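**Q** Read off the chains here:
Protein chains: 2
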Amino acid sequence: MINDSQVVNAAFRGSFEPALIEEINRIGIYQEVEEGEYLIRPGSYIRSVPIILSGSVKIMRPDAVGNEALLYYLSGLDSCAISMTGSPDNKPSEITAIAEEKTRLIFIPVEKVDEWICRFPTWKQFVFRTYQRRFDDMIATIDSIAFQKLDERLLTYLKKKTQSCQCTVLQVTHEEIAREMATSREVISRLLKQLERVGYLRLSRNKIEIL
Amino acid sequence: MINDSQVVNAAFRGSFEPALIEEINRIGIYQEVEEGEYLIRPGSYIRSVPIILSGSVKIMRPDAVGNEALLYYLSGLDSCAISMTGSPDNKPSEITAIAEEKTRLIFIPVEKVDEWICRFPTWKQFVFRTYQRRFDDMIATIDSIAFQKLDERLLTYLKKKTQSCQCTVLQVTHEEIAREMATSREVISRLLKQLERVGYLRLSRNKIEIL
DNA sequence: GCGGTTCCGTGATATATGTCACACGGGCGA
DNA sequence: TCGCCCGTGTGACATATATCACGGAACCGC
Chain A
1 MINDSQVVNA AFRGSFEPAL IEEINRIGIY QEVEEGEYLI RPGSYIRSVP IILSGSVKIM
61 RPDAVGNEAL LYYLSGLDSC AISMTGSPDN KPSEITAIAE EKTRLIFIPV EKVDEWICRF
121 PTWKQFVFRT YQRRFDDMIA TIDSIAFQKL DERLLTYLKK KTQSCQCTVL QVTHEEIARE
181 MATSREVISR LLKQLERVGY LRLSRNKIEI L
Chain B
1 MINDSQVVNA AFRGSFEPAL IEEINRIGIY QEVEEGEYLI RPGSYIRSVP IILSGSVKIM
61 RPDAVGNEAL LYYLSGLDSC AISMTGSPDN KPSEITAIAE EKTRLIFIPV EKVDEWICRF
121 PTWKQFVFRT YQRRFDDMIA TIDSIAFQKL DERLLTYLKK KTQSCQCTVL QVTHEEIARE
181 MATSREVISR LLKQLERVGY LRLSRNKIEI L
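Note that the protein sequences, when read in sequence, are chains A and B. What the first sequence shows, in the UniProt record's numbering, is residues 1 to 211, in sequence order. What the second sequence shows, in the UniProt record's numbering, is residues 1 to 211, in sequence order.
Simulated from the structure, these hints should not be mistaken for lab results. Do not rely on the hints blindly, as some may be mistaken.
All copies of an identical chain are treated as equivalent in the list; a pair is satisfied when it fits inside any one copy or across any two copies.
DSS-like cross-link-like pairs, simulated, lysine-lysine; straight-line CA separation at most 25 Å [said to hold, decoys possible]:
#	residue 1	residue 2
1	LYS112	LYS159
2	LYS193	LYS91
3	LYS91	LYS159
4	LYS207	LYS193
5	LYS207	LYS112
6	LYS149	LYS124
7	LYS91	LYS160
8	LYS112	LYS124
9	LYS193	LYS159
10	LYS207	LYS102
11	LYS102	LYS193
Please read all numbers here as calculations on a predicted model, not as lab measurements.
The task is simple: from the sequences and hints, build the whole structure.
**A** Set out below in structure tokens:
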């Protein structure tokens, strides 16, 4: 099946060998999702691995009572290591993936991930690099939760978020931030206000502008 | 070079194909470490990957000012996914690995990890399973830090620890627990005392007996 | 046994974070 | 235009955790 192969080619040229790009075009399933759409829900089974072509996706970890912790963001040419490994046992997913903005991606069936490892050196490299990055991300997340106080965590949060969306104006409510940081709305409101007073940002409804 | 090949054979039989076991015996470097010994220190370069034959090892993440967060434990036939990926960039390690008890392990040079992936199906399986387990461990750690209060965290901590060392009497000081949970000794002392009053455990110097 | 050291228990107090209650204002549909 | 809902700001208070200060108990080497 032919996807939007121009897009795919452009994204992968330089990273992957031509035969692999060909294969991805043949096998992968191209998809565009809008902001806020779910790619993965907890409880669903993961049978294919997404590679982000453009846009960004956040990966969250929900708990039993409606809280969620942000694990990491994915953006250009990233992939989700959890979904690479998640399926062998046939366990359902324990994470959530949500598009942060309009995002284009291509899904690769998990069995191909495995098969290509030995066929395409650049793929093997890609898979390993993906694992490493996600590990680093998770460690950074643990650092942040374990060692930093909320105000520092909020700063790191804002930094990461601006990085992942490549912009300085965040479309987000205090409530949403609070949930991703597993705290409450009032606390975030106060801390943001503080940061505004210090001149680090400007607040308005549904919007945070970093200065 | 011939390591303690009986030990290696016994440990790997059933998991790995004979040719791979042979190869591991030929290439791997067998080592025994005592309780408390460091396998990896932050800042050192990782050039080989440890596979635990017996005993257990804890993997920690230090911060800038002397705190440490526990990432996960490794025990029989586990391996450390971080060290598999850690080296490609030639970045120094950002983690610490310490033997929890007398531990026997075998070191595989990182380049072999890569090479064997395509030569030995059981090895590929092993590497992927390792990644998956470590991911699950890290997610559990994040869950615990993000969602649980200290008393619950302490319970999960004790549970994991008893699991990893396969015993109900832990040789550990309150100070050590506190550091691994990134809190202070007094707090842990109080919480432990509470658990003792409830009849969950018995305390004595350097020792916690789970009931 | 003695002195020093390490570990543990515990009160008092400080700080950070969570929770409740409520007011305000803007957008938006009726 | 009115009323309503959602997002926000903020005081007052509750709770969890951190810190300080200290004393006592167990162990260790001499």
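**Q** Taking the hints in turn, state whether each one holds.
**A** For each hint, the structure was consulted:
1. Taking identical chains as interchangeable, the C-alpha atoms of LYS112 and LYS159 are never at most 25 Å apart, the minima being 35 Å within one chain and 38 Å between chains.
2. Neither within a single protomer nor between protomers do LYS193 and LYS91 lie at most 25 Å apart by alpha-carbon distance, with minima of 43 Å and 38 Å respectively.
3. Taking the closest pair of Cα atoms, LYS91 and LYS159 come within 25 Å of each other only across two copies (23 Å); inside a single copy the shortest separation is 33 Å, beyond that limit.
4. For the homomeric pair LYS207 and LYS193, the shortest alpha-carbon distance inside one copy (13 Å) is at most 25 Å, but the shortest distance between copies (47 Å) is not.
5. In this assembly of identical chains, LYS207 and LYS112 lie within 25 Å of each other by CA distance neither inside one copy nor across copies; the values are 41 Å within and 50 Å between.
6. Proximity of LYS149 to LYS124 under the C-alpha cut-off of 25 Å is found in neither arrangement, the shortest distances being 38 Å within a copy and 40 Å between copies.
7. Taking identical chains as interchangeable, the C-alpha atoms of LYS91 and LYS160 lie at most 25 Å apart only when they sit on different chains, with a minimum of 22 Å there against 30 Å within one chain.
8. Proximity of LYS112 and LYS124 under a CA criterion of 25 Å is satisfied in both settings, with 12 Å inside one chain copy and 14 Å between copies.
9. With identical chains, the CA atoms of LYS193 and LYS159 are at most 25 Å apart within one copy only, with a shortest distance of 17 Å there and 41 Å across copies.
10. In this assembly of identical chains, LYS207 and LYS102 lie within 25 Å of each other by CA distance solely inside one copy; the values are 18 Å within and 55 Å between copies.
11. Taking the shortest Cα distances, LYS102 and LYS193 never come within 25 Å of each other, neither inside one copy (29 Å) nor across copies (53 Å).
Hint compliance for this structure: hints 1, 2, 5, 6, 11 are broken, all remaining hints hold.
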